[in-house]
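Participant: Take a look at the letters that make up each chain.
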Amino acid sequence: MNVLNRIFCLVAVLLLLGSPMVVSAAEDGGPTDSQQSLDNKIQDLKKEVLKLNRDLFLLEEDLLFPANTQFSVFVSIDSGNLFALDSVQLQIDGKVVANHLYTEREVQALHRGGVQRLYIGNLGSGKHELVAFFTGKGPNQRDYKRGTTLEFEKSADPEFVELKIIDDKVKEQPDFMVKVWE
Amino acid sequence: MPIRITTLTSLLVMLSLSTPVAAGSKYEHEVNDLSYGVALYHFYQDKYFSALTDLMIAKERKPIEDQGVYPDLLQGSLALSYGLHDEAKEIFEPLLDENTAPEVRDRAWFNLGKLRYQRGLLTAAEQDLVRIQDSLPSYREAERLNLLANIYLKEAQYDKAIDTLKAFSGDSTWKAYARFNLGVALIRQNRMQEGLAQLRKVGDLKPRTKELAALRDKANLAAAYALMRMNQPADAIKLFQRVRLNGPQSNKALLGIGWALSKQEQYDRALTPWLELKERSPLDPAVQESLLAIPYTFEKTERPKLALAYYEEATRAYDEKLRELDTITQAVKKGELLKALKPGNMGDETAVSLFRASLPDSISAPYLKDMMASHAFQEAVKNYQDLIYLDYVLDRWQESLPTFELMLQERRSLYVQKLPEVDKNAQLKAIEEFQKQRDAIAKEVRRIEESNDIFALATNEERDMLEIFGDIEDRLGNLSGKRSLKMQEEKYELYKGILYWQISSDIVPRLWTLKKGLKELDLALEDARAADASLKTAWQKAPETFEGFQVRIMGQQARINKLRKAISVHRYQQEQYLQKLALDAITQYRRRLNSYQIRSRFALARILDTMNKAGTP
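Just so you know, the protein sequences line up as chains A and B, in that order. The first sequence: position 168 = 168 (this note's numbering), numbered continuously. The second sequence: position 222 = 222 (this note's numbering), numbered continuously.
Each hint should be verified, as a subset may be incorrect.
Away from chain A, derived, C-beta distances all over 12 Å, residues of chain B [what the hints assert, rightly or not]:
id: 1; residue: 35
id: 2; residue: 58
id: 3; residue: 158
id: 4; residue: 342
id: 5; residue: 379
id: 6; residue: 396
id: 7; residue: 463
id: 8; residue: 519
Just a few of them, taken from the derived set where beta-carbon distance is under 10 Å, the chain A residues facing chain B [what the hints assert, rightly or not]:
id: 9; residue: 58
id: 10; residue: 121
id: 11; residue: 154
No wet-lab data here; the hints were simulated from the structure. Beta carbons are placed, not taken as given, at the ideal position from N, Cα and C, and that holds for glycine.
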């Protein structure tokens, strides 16, 4: 075999076998035994950390936000084509308790049906007032700021309030609903 | 009102890795449970760890209701995306039950099949994938067929792979991939004509996307090299020329054109693409090869001086690259690559997907492009970054635990302070006082009812009237006998009678209202007693609760310490593995360069020898 052919064969083998011509990921070949074993160990570790993370969240909630005073506020978007959300400020009984500036990914997640837990805190039983200010762009790209208010009676059970951004198609304006979950 | 998910696309992407939401389900557009919505919020941001935690917390606190099997499907998909293959399998398997809706079952089979394929369990994967009926959306069905075709190729069942291609409906990217893989596999088996036929079909595609354009280039390139092996250089050139000039395969195509022309003994024409290639990035193997091909051609066309000059240039270039490889090897060994693989922000759960968009900022990256695109490397990086994130999560919890301790201490101190007040039973005494008042009212109500004392239930206005009547009666008494008061007495009797009638006709509702009030008072007293009892129980149990929290905090602290140690060990092992992958790839690269360098030096020696013998200066 002359030099040209030897080089050519090298190229052909390189192209057809050596380089990742086959596009499907699994064509890379399976993992080695030792890597498989490490991979399994990492899987187990991930599961353990997930369980611990869950338990720590539960501990935190039980300790810092006991059921009888627990109060949570959630944000969601239902359609919401007339309002591009930038930020939200939450006040309870006149005190600012949460501010959130949204990233594009977060807004996308809300548009796709995700629900954000904006706030968790403690409230005593009795009457309270919640005010949420939404800032963003309204129809015709105009700056838009709207507040929504809820007066409510906190019972001795955990309370969940959902702030929902909706479209008022009749008025061609965004609207903000408050829903108290049972 | 349920939350609407706006488009079908978002729905299909919802369980993006491998689980589109089936059409027609009651729940697919709706979020009826806040916990489910919160998990989706994290999932849509590729925060798989957080989303899995959300679902696990929901299971512990209050299982998600009114979402059908979708929370399970979501959890299975999340587990799969997060590399928890065994757990994903455990979640999907119960969904294969006969009672499960066909579209859900098909999706579970699909996920399991893909999972098993990724784990190399080809027979089991094939069984899963062929059981699927007809409820998968078209793009997922195409992926299923591609998986099946790949399985058959790996099992060298080429005819079955060919049959699978016929099952694709319409054109899809997956079909193009399957055809390409089949073409390459057939050529490897020396079934040249069949392989070429498949590759040509991909090479003739009118690409709608960059991905398909890249695949088309690869197909033309592979077909062209196959034709070269079949000694058909003229046909090969036509295919090489179809590869885009600025695409990632253009260097290989230029190299191929040169070889094809050289094979037809058109040596001078062969130099044109190679000289063009020589000016391109010296990191590319095709460029390195051209450095050798050019002087070879000059030698072949009996221009030894030019050949000598270009061999010398090639040798210098190889030397230089080999020295660079030494530097890179040292850098990789010292952890330079690992540093580049670490996420810029340790708390970024989504670092892996961002990294996939571009090469890491490492001096070794340009040499390791192919290796870095491999499944093995990508998976290893994903695990590595996951481990870094897990350590970050535990580190944050470790920082929080002292706050928990402090909170517990505060509560204990408050308890000790308040304990004497609770022990005084002040609240219970107040309740008893209220009870006495209640009993007195009840006694009075009974008396009124038994004695029919209707005036006792008069309103304030009526009482005022009664007082006025009393006053009038006194005055009438004083004046009686002094003059005739018959008319006034009759009027007095009439008005008093009217008032009596008014009160007596309303006595039943008034008594009912009173009794209702008493019942409400009873309930309020009952609640107050229960609250008092509950408070007392809570206070009595408080030390026990404090102890429970203390035990939990200490227990979690121990778990954090243990897991952080394990993470550290695994992270080290994963680093070693990543470095091995990189160093192996560098060794391969070096081997190829060494081979070129040896040939170049050998050719140099040979030419010099020939020139010396011929007496050429």
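Participant: Are any of the numbered hints broken by this structure? If so, which, sorted upward?
Facilitator: 1, 2, 5, 6, 10, 11
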